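Participant: Work out the full structure, taking the sequences as your base and the hints as a guide.
Number of protein chains: 2
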Amino acid sequence: MKNLKTRAISAAIFAVVMLFGLLYNALSFKILFTIIAIGAIHELINICIGKEEKNSGTRKIFYTLLACIPLLLVWSESFDLSKCIYLLMLCISVVFIAELYMQSVYPFQNVGVITLSVFYVALPIVGLILLSNKDGNFSNHLAVGLLFLTWSNDTGAYFAGSKFGKNKFFPRISPNKTWEGTIGGGLLCIITAIIFSRLFTEYCIIDWIVFGLIVSVFGSLGDLVESMLKRSFDIKDSGNIMPGHGGFLDRFDAFIFILPFVCFYFKFFH
Amino acid sequence: MKNLKTRAISAAIFAVVMLFGLLYNALSFKILFTIIAIGAIHELINICIGKEEKNSGTRKIFYTLLACIPLLLVWSESFDLSKCIYLLMLCISVVFIAELYMQSVYPFQNVGVITLSVFYVALPIVGLILLSNKDGNFSNHLAVGLLFLTWSNDTGAYFAGSKFGKNKFFPRISPNKTWEGTIGGGLLCIITAIIFSRLFTEYCIIDWIVFGLIVSVFGSLGDLVESMLKRSFDIKDSGNIMPGHGGFLDRFDAFIFILPFVCFYFKFFH
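In order, the protein sequences belong to chains A and B.
Just remember that this note's numbering sits 11 ahead of the position in the first sequence, which is counted from 1.
Just remember that this note's numbering sits 11 ahead of the position in the second sequence, which is counted from 1.
Hints should not be assumed to be uniformly reliable.
It does not matter which identical chain is meant; a pair holds if it fits inside one copy or across any two.
Calculated lysine-lysine pairs in the DSS-like style (CA-CA distance at most 27 Å, straight line) [claimed, not checked]:
hint, residue 1, residue 2
1, LYS65, LYS179
2, LYS278, LYS145
3, LYS65, LYS247
Keep in mind that the hints were calculated from the coordinates and are not lab data.
Bear in mind that the values here come from a model prediction, so they are computed numbers and not experimental data.
Facilitator: See the structure below:
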């Protein structure tokens, strides 16, 4: 009972922080997503770097900072992705040199975790921040829409799964997910997308249906990918930001995973 | 004796192929560096992906192709690094999904090896190809200069080390390297840089001295980084392109490692 109360209180605080960050202004929006990305990257690095490495605590902070370089640069008005990549390339080489002197046990795997975090978390969030700041005009509509689509996908899957769930979707990784739940989530997600197309008209109905399809297909897969991460390292939660709700990666796994598909759609089909 | 003959013949073939690729025309240049990059990436992936993974042979080819995406795109006239990064981001997400279905033992480490290859080999070589094709005009001068600087650094280090070598430079990783050799290599490298500044005058003397310093400091460290890779996976050579000379990574370790520093210099100080 006490556990349920703690969960409810922390969920309420989470909702308030999210809504404030999303809706207040461009600065709160950037701060919110920078914090989410730093948190998720730190958790990923924390999971992947083994205890065999010396000074693993300091190392993890240092690696997190490096993987966050694109997120720190995107705060600048004159952000240039290709310059950012050149800077990252240089930093990665410097880390290799540092690995030499730190006598690492798994030097290449350590650097691999940094580059992985860049592609799995940092660049997708940078892509979202850039899409939300077109030609100097800030709009939170895309992020708000995508977050609500992700939540409606989860909610639909939960209710449809509880009511009709029979056929397991991916039992090896996520034993509770069913095909019925996944389809129910997808349906609610598409309905939500159609509603959003009436609210936020700077994206047309086709855009919104594409977002809905991306979220319903890749959101569910993003969930599974994060579960695969936890299973392969034999842990239960990625972190513990809020009692009973896991970590940043647990909360934003589906959302972060859909962003590369959304960015790709804008970059190549818009 | 037979071994020495094999080594000499393969070294001669190597020199001819390198000179032809470098000097013939823009196409032979691009083909040469694309082959070097594909070879080095394949070796890196081959070293890092364990035998525990199912279908590890097919997997390695597939991962190599993915890490080579920037190299394939750079062949296009309208190459755009930021578009390339968005495409890579999407591909990385698709690989995560593939890892789910391939029942990988180390899914995140596998994807990490791909992203690592992108930063350690693919993007540096792409940077060199871009620097050699400024505004549609091809010039091999930078690549020729940097390769000769790398070789003169090695040669100087070899002779100075054999003659005066006493104090070990980095015994844990490379027991034969000495401080005397490293300094000798650096000196010959700077002298070669000054000679090149007279030959290839589109870069000024300061540029050439910067290249010389980069090669003498980071070339030697790049050697050590590749030795660290081999030591951490307990192998002797990265591959076997030519009998007695090791693989692509063994041959081009120092050269690939200096490229991020050279690209950074051009992007931020030129």
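Participant: Determine for every hint whether it applies to the structure shown.
Facilitator: Cross-check of the supplied hints:
Taking the shortest Cα distances, LYS65 and LYS179 sit within 27 Å of each other only across copies (24 Å), while inside one copy they are farther apart (42 Å). Taking CA atoms no more than 27 Å apart as the test, LYS278 paired with LYS145 passes in both settings, with 13 Å inside one copy and 25 Å between copies. Taking the closest pair of Cα atoms, LYS65 and LYS247 come within 27 Å of each other both inside a single copy (25 Å) and across two copies (25 Å).
Violated hints are absent here; each numbered hint is respected by the structure.
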